[in-house]
Every structure is written in C-alpha cells, then in structure tokens.
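Residue numbers (the working numbering), protein chains in the order written: chain A, 1 to 532; chain B, 1 to 154.
In case anyone wonders, no lab produced these hints; they're calculated from the structure. Everything numeric in this text was worked out from a predicted model, so none of it was measured. Backbone N, C-alpha and C define an ideal beta-carbon position, used for all residues, glycine too. Misleading hints may appear alongside valid ones.
[Stated by the list, open to error] From the structure, some residues in chain B lie toward chain A, with a derived Cβ separation under 8 Å:
no. : residue
1   : LEU35
2   : CYS69
3   : HIS92
[To be verified] In the DSS-like style, the derived pairs of lysine-lysine whose C-alpha atoms are separated by at most 30 Å in a straight line are:
no. : chain 1 : residue 1 : chain 2 : residue 2
4   : A       : LYS112    : A       : LYS174
5   : B       : LYS148    : A       : LYS374
6   : A       : LYS374    : B       : LYS18
7   : A       : LYS374    : B       : LYS152
8   : B       : LYS18     : A       : LYS368
9   : B       : LYS114    : B       : LYS41
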Amino acid sequence: MITQHDKTDILIIGAGASGAAVMWDLSNAGFNVVCLEQGSRIQADKYPVNHPNWEELALNEWNYNPNVRKNNDDYPINTDNTDINPLMFNAVGGSTIHWTAHIPRLHPSDFKVKTLDGVADDWPITYWDLEPFYDKNDQMMGVSGIHGDPANPKRLPKQMPPLPLGEEGKLIAKAFDRLGWHWWPADANVNSVEYRGRKACNMCGPLNYGCPRQAKASTDVTYIPDAIKNGAELRVKARVSKIETNSKGKATGALYFDKDGKEHFQPANGIVLAMNGVGTPRILLNSQSNAHPNGLSNSSGQVGKNLMFHVFASVEGVFDNLKETYKGPTVNILISQEFYETDTTRGFDRGYILIMNRGTPGPVHLSKSIDWGKNHHSEFEKNFGKRLGIGVCGEDLPEESNCVELDPILKDSNGIPSPKIIYKISKESRKLLEHGLKNAEIILREAGANKIIKLPFSKHQGWHLMGTARMGENPKTSVVNKNCQSHDIENLFIVDASVFVTGGAVNPTPTIQAIALKTSDYIIKSRKDLKS
Amino acid sequence: MPNNQKNIDKSKLSLLKKVMDILIPQVDNLPSAGLLVTDEKILDLLNKYDKYSSSFNKFINALRLDPYCRASGGFKSLNYESKENVLKELQHNIPDIFENILELIYLVYYSNNKVLDRINWKRKTLQPKGWELEKFNPEVLDTIKLRKPFWKEV
Numbered sequence: 001m002i003t004q005h006d007k008t009d010i011l012i013i014g015a016g017a018s019g020a021a022v023m024w025d026l027s028n029a030g031f032n033v034v035c036l037e038q039g040s041r042i043q044a045d046k047y048p049v050n051h052p053n054w055e056e057l058a059l060n061e062w063n064y065n066p067n068v069r070k071n072n073d074d075y076p077i078n079t080d081n082t083d084i085n086p087l088m089f090n091a092v093g094g095s096t097i098h099w100t101a102h103i104p105r106l107h108p109s110d111f112k113v114k115t116l117d118g119v120a121d122d123w124p125i126t127y128w129d130l131e132p133f134y135d136k137n138d139q140m141m142g143v144s145g146i147h148g149d150p151a152n153p154k155r156l157p158k159q160m161p162p163l164p165l166g167e168e169g170k171l172i173a174k175a176f177d178r179l180g181w182h183w184w185p186a187d188a189n190v191n192s193v194e195y196r197g198r199k200a201c202n203m204c205g206p207l208n209y210g211c212p213r214q215a216k217a218s219t220d221v222t223y224i225p226d227a228i229k230n231g232a233e234l235r236v237k238a239r240v241s242k243i244e245t246n247s248k249g250k251a252t253g254a255l256y257f258d259k260d261g262k263e264h265f266q267p268a269n270g271i272v273l274a275m276n277g278v279g280t281p282r283i284l285l286n287s288q289s290n291a292h293p294n295g296l297s298n299s300s301g302q303v304g305k306n307l308m309f310h311v312f313a314s315v316e317g318v319f320d321n322l323k324e325t326y327k328g329p330t331v332n333i334l335i336s337q338e339f340y341e342t343d344t345t346r347g348f349d350r351g352y353i354l355i356m357n358r359g360t361p362g363p364v365h366l367s368k369s370i371d372w373g374k375n376h377h378s379e380f381e382k383n384f385g386k387r388l389g390i391g392v393c394g395e396d397l398p399e400e401s402n403c404v405e406l407d408p409i410l411k412d413s414n415g416i417p418s419p420k421i422i423y424k425i426s427k428e429s430r431k432l433l434e435h436g437l438k439n440a441e442i443i444l445r446e447a448g449a450n451k452i453i454k455l456p457f458s459k460h461q462g463w464h465l466m467g468t469a470r471m472g473e474n475p476k477t478s479v480v481n482k483n484c485q486s487h488d489i490e491n492l493f494i495v496d497a498s499v500f501v502t503g504g505a506v507n508p509t510p511t512i513q514a515i516a517l518k519t520s521d522y523i524i525k526s527r528k529d530l531k532s
Numbered sequence: 001m002p003n004n005q006k007n008i009d010k011s012k013l014s015l016l017k018k019v020m021d022i023l024i025p026q027v028d029n030l031p032s033a034g035l036l037v038t039d040e041k042i043l044d045l046l047n048k049y050d051k052y053s054s055s056f057n058k059f060i061n062a063l064r065l066d067p068y069c070r071a072s073g074g075f076k077s078l079n080y081e082s083k084e085n086v087l088k089e090l091q092h093n094i095p096d097i098f099e100n101i102l103e104l105i106y107l108v109y110y111s112n113n114k115v116l117d118r119i120n121w122k123r124k125t126l127q128p129k130g131w132e133l134e135k136f137n138p139e140v141l142d143t144i145k146l147r148k149p150f151w152k153e154v
C-alpha cells in the first residue's frame, strides 16, 4: 500500500548544499515546495566536539566514509574498483555538516578548458553568468575574508573580516612572500564575528565534524530555517527509490520509503535532484522503465559517466618553535593559487591549489601518523602541536571510464540497488600531484620546518563528487542544459555537482550553490507553469 | 554505528594487552599501555564498533598462527625484539587490520586521564570553551597586495 500525498509545485530530493538553497529561493518566490531528505536532522549536542571522546566519534559514527560510518541513514557503496573512496554525509545539511567551509570560486578559465587548453569540454555557461549567484549565496552563508586577492576577479566586500592566521599562518605566509608565490587568506563560510544570529568561531579546531556554535555555515542553520519560515516542507528519513514519469515524458513525482519502511508517492509539477555526484546518478539509473530503459534522463548514455574527484595529497612539516598548532580551524587558513592555470612546461594540463592546514587536531590523529614502539613517546613529543601541513588539491579531468554504476548485488536497507564506483587516477593527475607535493615541501622548508613528513597517498579523500550528469548544449553528449534542466525530461532539474563539466581545482560547494540559485532563478522567471 | 554486546574471549584480550605493551611502551612514571588501561575501556570500543571487533579477532588469530610465535611457545614467550619483529611483519602482511588495531589502542590509551595530563592536553572536550579568537592583522598582506591581478581573462 503506497501512501499518496497531495501534489506540490516543486519536489526537491536532498537537503544539502544545493537542495537547501533551491528550497529557500523557490519558497521565497511563493512556490509550494516539499523536500525529501534520506538523513535525519542532527541535534547540535550530538556533534563530536561536545564530547571528550571526540576523536573516537570522528573516526567512527562521524567518519566521512559512509562504508565505515554505517549509520542507518547511509547507503553502502561498492568501492572495490576505485583509487579514491567517495565521502559524504547523509543528514539535513548534507555534507555541509562535515565540510571545512572553505569556499574558493572557480576561475573564469575553468569554464573554457577546451578552448584554452584543448582538454575536456567547455561549460555552456561562464563565470560571469554565475557571479551574481555566488554573491547571493555569500549573503546567506556569510563569508569571512578580505577583498583584493590578485588570483581572482574582483568581488564584493566580504560579510566579515578574515579568520586570524595565527603565528603558524604568518610563518607560512612569509615563506610564500619570500618565494614570490601567491597566497591569500582563505575565504571561509565560518563566522569571524556574529552573523545573522550565528555566533563567531571559537577556534575549537576540527570544524569538519559539525559546529555546535553554528559559526560554520552548514545549510541546516542557514537556508533551511528560512525556507521553513517561507512555508517549505522538509520530510526527513525519506529515501527516494525512483522517479516516476508519464506517457508524455514528464516526471510526475517520486516514490520513497519512510523511516518505518513504508512506501509513499509524492507527486509534483517539477522535480529538482540535489544530492551529489553519486546519489543523483544512482536515482536516475534506478528510475529505469520501459520508456527509459537505460535510466531516466539518460538518452545520451552519460548518466554516471565522467566521475571526477579532486586529487589530493599533503606534506607536513614539524616546527620546533610552534607549540599549539591544534588551536583554530584545521584548514581554512590560507590558500595559494600560484599554480592554478595551465603551464605546459610542467608536463601536465590544468593546475592545483596549495592549502595550509594545522596538522593533527588531537593525540589519536597524530599517533596514527608517527611510529609505534620504542620511539612513540619521543616522536609524539616532537610532533604534537608542532605540525603544519600543505595540501595539494588538483584538477581531475573527466574520463568516461570513471563512473558510477548500479551494483548488481549490493542494496541499501530498503532494498534499493547501491552504487558501484569505478575510478582510476590518471597519469596526468599523478604528475600534477607530484609537482604540487614538491612545491609544498619547498614552502615548508622555507618556513623553517626541521622535519618533513610526506603523508602516504590515501584513498580516503573523495570529498568532491562531480561530473556524473554533466551540463552541455548537445543532448547527445550531456544530461542537462545550461539551466540544469534535463534534456530528456523538461520538468526535471539537477543542481548538485553532478552537472559540473569540469571541476577546476577548488572546493566545489560555492559553485554548487551558485548553480542551484541560478537554476531556481530560471524556474522562478521562466517556469511559472510549474507553480499552481 | 554502535553494536550490541559481544562475547569477547578473555584470553584474546589478555594477548592484545601484551601487544599494547610493545606498541606503546612505558614512559616516565606511566606503565606501558597494556598495564595502564582497563579491560573495560577496550571492551567498550570492541562492543561498540564492528570495525574494531572484527579486526581484533582477525589480528589475534593472525598472531596465534604466526609461525615464529607458534615455534617459540606463543607471542607472550618472545623477547622484546622478537615481539617487535612479529608485529612489524603483521603490519606489513595485514595493513588494514593492523591500522584498526592501532587506532583502537590509541583511542584507549589517549583517553586515560594520566596520559592526557602527561601530554598536557588541556581541552579534553573542545566545546564550549574552544580557544581564543584573535583579530586578523592585515599587515601580513603588505607584500602580496603589491602583486598585480594575474587570473586568466577569457
């Protein structure tokens, strides 16, 4: 017995970075909006940093990896054939609960990589098309930062001053200055002063496991409360299994399971998919029918293809003159875009950013990266509170062979087929990482590190899930158009990072949210037919 | 995700504590990890997380089956250096399991108040106090601000 709900104007699937933004914008414009989120609403007192065993919680129930975390709200993912594990969080706020809130924007050149460098494809939109929506998103999320960065186009003044660099940040900044390399304080969706009723950061450290002060802008404390005030309805623990279509080729609504395993159908005039680069292709592929035998919106065969992560690795340095590098956000301190654009003399296309981090946030995290045995205690003393790191985050160009498919056996707790990830890091990406790691080491040495630790490459780095339902002008080679509207299903929209044509070398969330707001703007202005 | 109570074999737990003594030896006035920590804390984590309990069982089985240990009357009978060598070999042969065991042991050890006092870790719980938020000093930008915009126009 399937429970039928009243028809809504817009059904949004996913209440994370993008879904929350669309939910707010459309409800603000008077659309009736229902949002289905498979996760729960997390109470702030549950966040690990409130508890003395926070490192235990961070490594288990709050692990980035759903296959390690295994919470009831998660679905299993087959990662047997991937060099990088996808990481995500399923809850109201989605992965913004876990994110570091570091918000560099894509560069204008990122939208034209085919034209400039002859690789991948150009986007059907430009940086300038997105700019007003980046700015609109900044207002809602709140940016701590400072204008004048020479590596990026001019921007509006930030809402808040930058977070402090600390002694350790100044040490690294001066090293960049001496090398003549670009650096700039990181733009952060972390409050340096109170903003929109949310407190300022109190530098507790590991911001990537939820912020009970609401100093970090996760969408459960930014967009969603305002969307609910506008009248939007959020249903939690609602796991969508399939999108239904009619004989006219329109999406009619979604089937979902509630927390008790009961099935519901939510009809809608329009549907917005707002999950991530794994969750969105999973639902589209699971929505296959006689009319859509390869899955929904997949006449191009591109759904699930071109999976991109950013490639990431880091080097850490030990500084005898530092004592408490665990104070302050683990990352989100400063960024260098010296090596962002293509330079063919390096032997690879595209580029990378260098991001400073504060090394290990607690004793267990540190211990995992030093010797056990006779040297453990002396190594601990030499390293604890004295480590700084430079991370390399590099562009990962799309390849059709890197993809998300449905696993023929693995299923979630509702019996819905799970995704399988097939992904290999390319030779180009490895060259890029090698180049970046050498430069990271140069900076740390210049800053005075007395020991360098090259952290081994880890599979545990797939924070950014992009490209699996890409945007394009040609319906034969892309899934959605420049308005993020499906080429095949005219009342179906996709607003998460699945639509990215390329990923640049920056954290994707502000771009995801700008794309989401651009899409809702299009729906408000041009799709009044979806409003009852 | 925490799990229900599991039956943990006491002899396996005793062997793990001998391993802990090698992984985290005595320091200053603190005994080695196996002598310092309580069974209760280890059992708590083994009961809570499949990741640790399943690695624990596999690790102890691998240790018991290790040919050198078997030939020498078991891990406990080995001298310090031999114990260290056996563990290094297991780390090489079963890296994922060994990593989970290390994580378990560090979580137990670094939750002990005497250990935290020794390393002078003052914020056992990070919130609500946190640390001081200083103001950003823009003087640090003096050099980089001189650089002309260099983003690529398209």
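Cross-check of the supplied hints:
no., hint, in the structure
1, LEU35, "15 Å, violated"
2, CYS69, "17 Å, violated"
3, HIS92, "13 Å, violated"
4, LYS112/A with LYS174/A, "33 Å, violated"
5, LYS148/B with LYS374/A, "52 Å, violated"
6, LYS374/A with LYS18/B, "15 Å, holds"
7, LYS374/A with LYS152/B, "52 Å, violated"
8, LYS18/B with LYS368/A, "20 Å, holds"
9, LYS114/B with LYS41/B, "14 Å, holds"
Taken one by one, the earlier hints fail for this structure at numbers 1, 2, 3, 4, 5, 7, listed in ascending order.
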